[in-house]
Amino acid sequence: MIELYKNIKELREQKGLSQDELAKLTGYTSRSSIAKIEKGEVDLPRSKIIAFANALGTKPGLLLGWDDTSEYTDNRKLSNVRPIGLKRFPVLGEIACGTPKFTNENRESYVMAGTEIDADFCLIAKGDSMINARIFEGDIIFVRRQDTVDNGDIAVVVVNNDSEATLKRFYYYQEKGLLILKPENPAYEDQIYQGEELNEVHVLGKAVAFQSDVK
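Okay, so the sequence shown: first residue is 716 according to the working numbering, each after it adds one.
These are calculated hints, taken from the structure and not from any lab test.
A quick note: this is a predicted structure, and the numbers were derived from the prediction, not measured.
Heads up, the beta-carbon is just placed ideally off N, CA and C, and yes, glycines get one too.
Check each hint, because a few of them may be wrong.
[Claimed, not checked] Label-pair ranges, simulated between beta-carbon atoms: (1) T863 / K751: 38 to 48 Å; (2) Q861 / I907: 16 to 26 Å; (3) K774 / G867: 35 to 45 Å; (4) N900 / E718: 38 to 48 Å; (5) D758 / N914: 46 to 56 Å; (6) V757 / Q909: 42 to 52 Å.
[Unchecked claim] Listed next, the in silico BS3-like pairs over lysine-lysine satisfying Cα-Cα at most 27 Å (straight line): (7) K774 / K724; (8) K841 / K763; (9) K721 / K774.
Produce the complete structure using the sequences and hints provided.
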């Protein structure tokens with residue numbers, strides 16, 4: 716695997732890519748992740764090797780330093796290997812995991828992830844109110860756009876007349892006219908909306924997956 720990390724660094728430098736640029740192309744959120752990978756400090760799964768090969772314009776087998784790449788690229792020869800497709804998800808901005816915060820849309824940014832993720836866009840988590848759901852600051856949250864979610868779902872909820880957004884567990888009690896957005900950190904209080912306040916709240920989508928950076 717040492718050859719893999721060496722080739723990643725050499726190809727990145729040949730293409731004039733910074734570590735930040737390669738991080739965005741391969742689904743990481745910081746240059747430190749690429750630095751650790753290039754030093755051989757991180758074991759890359761097959762899906763990530765493919766992502767790096769695509770970003771660097773080469774084949775996975777060649778990136779691994781293999782002379783014959785057929786066994787890696789021809790999955791008919793490996794009965795236990797399932798091909799992994801990748802697609803780009805637009806990053807719309809940051810989502811507060813704490814006090815609601817304005818979400819800046821930035822449709823120029825994308826992350827690469829598997830096509831099996833049923834999402835429309837993604838957001839970058841800020842804050843620590845969802846840590847007991849294993850969502851930490853800097854994690855990428857994949858969101859499927861929908862207007863309603865079930866109680867207990869983790870949802871992106873826009874509040875204060877669309878000016879702020881937050882990521883919380885969603886509980887709505889129609890008979891009481893009560894909405895509770897629950898954090899996954901006991902250090903934070905529930906966010907409660909009722910009566911006329913409900914007119915300033917709507918669901919943007921359901922969180923369906925997340926991707927953590929290499930720590």
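Evaluated hints:
no.: 1; hint: T863 / K751: 38 to 48 Å; result: 41 Å, holds
no.: 2; hint: Q861 / I907: 16 to 26 Å; result: 23 Å, holds
no.: 3; hint: K774 / G867: 35 to 45 Å; result: 44 Å, holds
no.: 4; hint: N900 / E718: 38 to 48 Å; result: 42 Å, holds
no.: 5; hint: D758 / N914: 46 to 56 Å; result: 50 Å, holds
no.: 6; hint: V757 / Q909: 42 to 52 Å; result: 47 Å, holds
no.: 7; hint: K774 / K724; result: 15 Å, holds
no.: 8; hint: K841 / K763; result: 24 Å, holds
no.: 9; hint: K721 / K774; result: 15 Å, holds
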